[in-house]
Amino acid sequence: MRTLVVGAGATGGHFGGLLAAAGRDVTFLVRPGRAAQLSEHGLRLDEITLTPRTVTADTLDGPFDLVLLAVKSYHLDQALADVAPAVGPRTVVIPLLNGMRHVDRMVAAFGSERAWGGVCMIHADVTADGRIVRMTGLQRIAFGPLTGGPADPRVAEALSGAGFDAFATPTVVQDMWEKWVFLASLGAATTLMRAPVGDINRAPGGTAFGARIAAEAMAIATAAGHPPRPGAVKVLRDGLATGEQMTSSMYRDMMRGEPVEVDAILGDFVAEAAKHDVPVPALSAAYTNLAIYSARLP
1 MRTLVVGAGA
11 TGGHFGGLLA
21 AAGRDVTFLV
31 RPGRAAQLSE
41 HGLRLDEITL
51 TPRTVTADTL
61 DGPFDLVLLA
71 VKSYHLDQAL
81 ADVAPAVGPR
91 TVVIPLLNGM
101 RHVDRMVAAF
111 GSERAWGGVC
121 MIHADVTADG
131 RIVRMTGLQR
141 IAFGPLTGGP
151 ADPRVAEALS
161 GAGFDAFATP
171 TVVQDMWEKW
181 VFLASLGAAT
191 TLMRAPVGDI
201 NRAPGGTAFG
211 ARIAAEAMAI
221 ATAAGHPPRP
231 GAVKVLRDGL
241 ATGEQMTSSM
251 YRDMMRGEPV
261 EVDAILGDFV
271 AEAAKHDVPV
281 PALSAAYTNL
291 AIYSARLP
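Just so you know, we're using UniProt numbering here: the sequence shown kicks off at 1 and counts up by one.
It should be emphasised that the hints constitute simulated quantities derived from the structure, not laboratory data. One or more of the hints may lead you astray.
Simulated pairs of lysine-lysine, BS3-like, Cα-Cα distance not exceeding 27 Å [what the hints assert, rightly or not]:
hint, residue 1, residue 2
1, LYS72, LYS179
2, LYS234, LYS179
3, LYS275, LYS179
4, LYS275, LYS72
Please model the complete structure; the sequences and the hints are all you need to start from.
Encoded structure:
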């Protein structure tokens, strides 16, 4: 399948780079500055360096068979406008974004048959010189129609066998909610305490704080009709109780003085709590904290 990866940061660059290295037909839609960087230095991952095929919004030719949407939530509206020429009648668009706000916008832009759900799990970052560094062995993509119907087998074929786990799931909406619960919890804890999880749990009251965050997050999802399944509950509780120096992407962005996905990850989550009258004092404090941080950015 002719595949377009929108964004070449930690997520899009990693998964798209592995697909390209596996011989798939992959093109990256990037902004001019990133295109120049990739042209000069290549796409550099832990495992490989390659010269990717890139286009910018003004040179995009379409349609493509598969689109992987891998941008930060605050770039979503521009990305949807930029990628529109690449979306044809049979294109499948899979989001690798955080939160849930992108789902309705994708459906409005491309229709429910083309806009699927997607969940990616990876702990990766981009260094100052543009190298993509993976911090754990986790690298997985799950995808499927939002209706829960059967997935086009060509998509699984296009994404499999490239060095990461990729599979279709009939429960993609539930999977997306469970990822949201985990990300909101991890992001709230690390940004509010300005510390990795291990440091939080070694501090007085840290373990109880993490447990409170987890309880609030699960209460929101349950009230919204998506109670986390036992496996997701275990991952959440274990993650917030670990002694390892686990961080969130929002924490790393905040420590660098960069924009954070505060509205998509925490703002919408707290709003969902208010909709169902679920008290979430810890998550609300984390959201207010990040809203203040964001307002002070240049």
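Right, here's what the structure says about each hint:
Only pairs whose Cα atoms come within 27 Å are accepted, and LYS72 paired with LYS179 is accepted, the gap being roughly 16 Å. In summary, the hint linking LYS234 to LYS179 is supported, as the alpha carbons are separated by about 13 Å, within the 27 Å threshold. The suggested pairing of LYS275 with LYS179 holds, with an alpha-carbon distance near 20 Å, which does not exceed 27 Å. Between LYS275 and LYS72 the alpha-carbon distance is near 25 Å, which keeps this suggested pair within the 27 Å criterion.
Of the numbered hints given earlier, the model fails none.
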